[in-house]
Structures are given as C-alpha cells and as structure tokens.
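*Asks:* The lines below spell out each chain.
There are 2 protein chains.
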Amino acid sequence: MDPGNPQYHTRNITKVVGGYTKTCTDLAVALYSQAVDKVFPVASTRVAETVKLLENTFRSVNIGLVNEMAIICNKLGIDVWEVIDAAATKPFGFMPFYPGPGIGGHCIPLDPHYLSWRVRLEGYEARFIELAGQINRSMPEYVLNKVTDALNDKGKAVKGAKILVLGVAYKNDINDVRESPALDFIKLLQNKGAKVSYHDPYIKDLSHEGLSMKSVTLTDSTLKSSDAVVLITNHKIFDYKRIAGKAKLVIDSRNATKKLGKRKNVVKL
Amino acid sequence: MDPGNPQYHTRNITKVVGGYTKTCTDLAVALYSQAVDKVFPVASTRVAETVKLLENTFRSVNIGLVNEMAIICNKLGIDVWEVIDAAATKPFGFMPFYPGPGIGGHCIPLDPHYLSWRVRLEGYEARFIELAGQINRSMPEYVLNKVTDALNDKGKAVKGAKILVLGVAYKNDINDVRESPALDFIKLLQNKGAKVSYHDPYIKDLSHEGLSMKSVTLTDSTLKSSDAVVLITNHKIFDYKRIAGKAKLVIDSRNATKKLGKRKNVVKL
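From first to last, the protein sequence lines stand for chains A and B. With this note's numbering applied, the first sequence corresponds to residues 1 to 269, in that order. With this note's numbering applied, the second sequence corresponds to residues 1 to 269, in that order.
Keep in mind the hints are simulated off the structure, nothing from the lab. Hints may contain errors.
[Unchecked claim] Derived contacts from chain A toward chain B, CB cut-off under 7 Å, selection only:
hint : residue
1    : Thr-50
2    : Val-51
3    : Leu-65
4    : Thr-89
5    : Pro-91
6    : Phe-92
7    : Pro-96
8    : Tyr-98
9    : Val-119
10   : Leu-121
11   : Phe-128
Even for Gly, the Cβ is constructed at its ideal location relative to N, Cα and C.
Isolated chain A (complex conformation):
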C-alpha cells in the first residue's frame, strides 16, 4: 500500500500471497483475485512475509543511503539535491531517493527490524537494516543542528526562539502521524528550550507521549514573527512562495522550495 498515491491503489498493486498449505494458497488467490488485478502466489507464508520485508528494507536502506549522502555533501559544500537530480537522468539502473528529516509510517521504520530480530536468533546481524535504522533515526537531530546553526549565524540561540514547524504528517498529502519524524523533532526542539508551534492542514491536533498541541493558522504574522520556519512535511497544498517570502528564516528539509531557486533566507538539508 502507498497511502496518498494517485496512480497505484489496492486494485492495481500486485498482491503477493503465500499459504500455509497449497490449499490455503489457492483459497487466498481465489479471494484476492476478486479485488485485485494480479495475484502472485509464492511458496509459503514465510516467503510472502520476506517479500514485504525485502521491499521495506530496500526503501529504508535507500533512504538511509541518501541521508548519508546529504550529510557527506554538506561536509563537502555540494548541493545534494542537484546531485540527485543529475543522477536521475540515467535512464536505467538508478532510482532516485531523497533525503529528509527521517522516516515514518507504519511499515518502513518498523518492519525491517522484525527481520533483524529474527536473524539475530540465528546468530547473524542484519547490518544494512541496523545501519539504515541508525542513520534514519538520527535525521531529526541532524535537522535540529541545521536549525541551531542557522539561528547561530544570526547570533540567536535555540532557547527561547519561536519556531514554527510546517507539516507533521510522516509524508506529504496524508493525515497520518504514525512514527512521524516531526514528533521526535518537536521534542528535541522543546528539550532545547524553543517555543514550538506547528501548522499542518491535515493534522489539527497532535497528541503523542506527553506532546499535546493544536495546529496554528498560517497567517502572515505567524510566519513573520517566527525566528525560524522548519519545513518537515512537503504537503503540495503549501504556498512555498508565500512562506519563503514572509518568513525570516526557512529550514527546508525536503527541498520543497526547489522551484523558488536559491534564496538567502532558505537553508536546505
């Protein structure tokens, strides 16, 4: 499933099924064939589960890799977004992934670790899964460092700064905050003493492990009075030109302001 995907939905995503017995598989194929275009039977429930885990792990690892590339490019003074766009011109053998403030949702941050746990029982460490998890989990802190540095350039501390978080859903154009990196990021900011508010047109209330906030209205004065506006979720509905036009400082963790070109008040990952 890919929530929010306008092109692919339940019916036209091939369903992989594996049964405990051959009869189970046949019944599952018969059932799913009523609702989806293509059903792909595999040898067992264990194979079917591993398919899901490979796919989730592929995404977690590739996001981890590109997050590490963002960190590396930052150290070398290279624009990682330009690098990815140029690499994506290759017509085969490459698939672009993009850096960001971390991964969320109910699959990619969680499922690979089932596999990791299972193979540890066999005495093996799933090293790619562990590394991807470490790097992806470190991204909210990396974005915090970007915010700290950008404020520091203006002689300001994070403590006491008014920070507006734009977007708290775990990805664009959906209303789901499960495992969203925004949750960790807001807590990190609060721990540093920032005055944090957020705006998300799809998430009116945020309640999570001691966090209890309401989405503020995105007025010009909210934008202007914030010491930093941090873009965490790149909802298409946001008016990025207006945001970058009104805000003193924007930390754009998703390259959402790409079309605006380079701006002095916008810092990217």
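Based on the hints, put chain B in the right spot on chain A.
*Replies:* Just chain B now, kept in the frame of chain A:
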C-alpha cells in the same frame, strides 16, 4: 556507460557535465552535444563527480543489500530468488537487484571508495560505502563455503576436488575481467587445494597476480568429470540445460538455471 547493454549506449545516455568555470561548462556542453542526445550541465566539476559517485554507490549498496538478503534467506531456509521476483511485481518504488559472487568492473568496486576516502579527511566515515564493500568483497568466500558444503554432503573435501569455473568475466556477455570476483574465487579454491579449471567463451586466457590459466573446452567429459561446476558469470551463450544435465554438481551463484526449475544436483546462492 554500461558495457554490453543493447538498449543504452553512448548516444542515448544523458551526459552530466560540470566545468571549472561557466565557460568550461559551456564548452563541454557544446562538445558533448555533438555526440550525445542529452547533456545535463551541473554547477561544478565537483558536483559532476559526485553524481557519478552517487550512482556507483547506489549500485554497490543495493548489490550489498541483496547479497546480505541472500545470506539471511539462506539461514532461514527461504529462496531469495523467489523473494526478489515477487517483490519485483511492485509497480513503483522498488528496483530489483540480484545476489552473486561479488562485484567487478572498473567502477562499482572502486569509485565509491574515492568518496569514502575523501570524506574521511573531513572526519566522517561513509558507513554505507564501507558496509557494502565489506559484504560484496566477502561473496567469493561465501560461494566457496557453498561449494565446500555441497561437496561435504557427498563426503568430499575441496582439497583434490576437480572444480570447473564457468564464466570469469565480471558480468555476463562481456570479455572484461577487471576486478572480477572470479579471480578471487579461483585463488580461494586453489588455496584450499582444489584442482581448478575454467571455461569462458569470451576470455581465452587468464593472467592475474600469479594466476595463469587457459579456458578449457566445455566437452561432455569435462562436465562429467568435474566434482563441481561453479557458475560465476551467467553468459547468455551457455547451454544451462546441457550443463545441469551432464554435471554431477552445479553451484549456481547467479540463478542462471532458473528456467530449469529445481534440480537435485543444482545448489543456488
């Protein structure tokens, strides 16, 4: 470049160029536009080089990931090839890579380590590059273990066993052995005391760091008299039905015998 690719060649692979100055970039674009369909200018030579390194690293990491998945699936008694084929039914967001005896060629095993070296100067370790390198370099030894186990099941040692290596080029349908995992694999076998010969229709002689061999003819008697036939490079020209039909034991590191179905005398990665 993708040697041996029938669809994409110099003209229809977009060329990314970055110049030292704006004039350099303009001149490079003018030059390349004569020979290739699309030229994609980037901000600097450093960005252009990083594009190449991202692409190479993407491939190295994804091959490393799927090699680790092969090791994990082997421990869990799951067919990794079936898992990959099923995952590849996903119509977006997934790109299949395949496990094998290691990586070769003049780019993927080498170039990511330029980046790794460069960022180490900045005090950062490129962890994905290092991990991919470690796992990919360990694959010839992993294939050796498969050979050892399969011979052991028959009460045979590697020492003194007649082993025929099929394919020594670093990938299928080309005549290039640079950094080929076959070179490491043959040395590992020789170090264990095996009597190694090889057949590769594209590589008549093999000379490399103390190795000096000639491709043998692939007769029925060569196949029958080998204790194990190890498929390292999946050249399309090979007649896999004949090979699996005549050989006592086949270690297939590339799933080249996929179309033959499961066979008792064929062991896969």
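*Asks:* Run every hint past the structure and note whether it holds.
*Replies:* Hints versus structure:
1. Interface hint at Thr-50 (chain A): satisfied, since its Cβ lies 5 Å from the closest Cβ of chain B, which is below the 7 Å cut-off.
2. Because the smallest distance between the Cβ of Val-51 (chain A) and any Cβ of chain B comes to about 4 Å, under 7 Å, the interface hint for this residue holds.
3. Checking Leu-65 (chain A) against chain B: minimum C-beta separation of about 5 Å stays under 7 Å; hint holds.
4. Restraint check, Thr-89 (chain A) versus chain B: the minimum CB separation of about 4 Å is within 7 Å; hint holds.
5. Because the beta carbon of Pro-91 (chain A) sits about 6 Å from the nearest beta carbon in chain B, less than 7 Å, this interface hint is met.
6. The interface hint given for Phe-92 (chain A) is met, as the beta carbon of that residue sits about 6 Å from the closest beta carbon of chain B, less than 7 Å.
7. Taking 7 Å as the C-beta cut-off, the interface hint given for Pro-96 (chain A) is violated, the closest approach to chain B being about 9 Å.
8. The interface hint given for Tyr-98 (chain A) is violated, since its Cβ lies 12 Å from the closest Cβ of chain B, which is over the 7 Å cut-off.
9. Residue-level restraint check for Val-119 (chain A) holds (minimum Cβ-Cβ distance to chain B is 5 Å; threshold 7 Å).
10. Interface restraint check for Leu-121 (chain A): the shortest CB-CB distance to chain B comes to about 9 Å, outside 7 Å, so the restraint is violated.
11. A distance limit of 7 Å between C-beta atoms decides the matter here; for Phe-128 (chain A) the minimum to chain B is near 5 Å, and the interface restraint holds.
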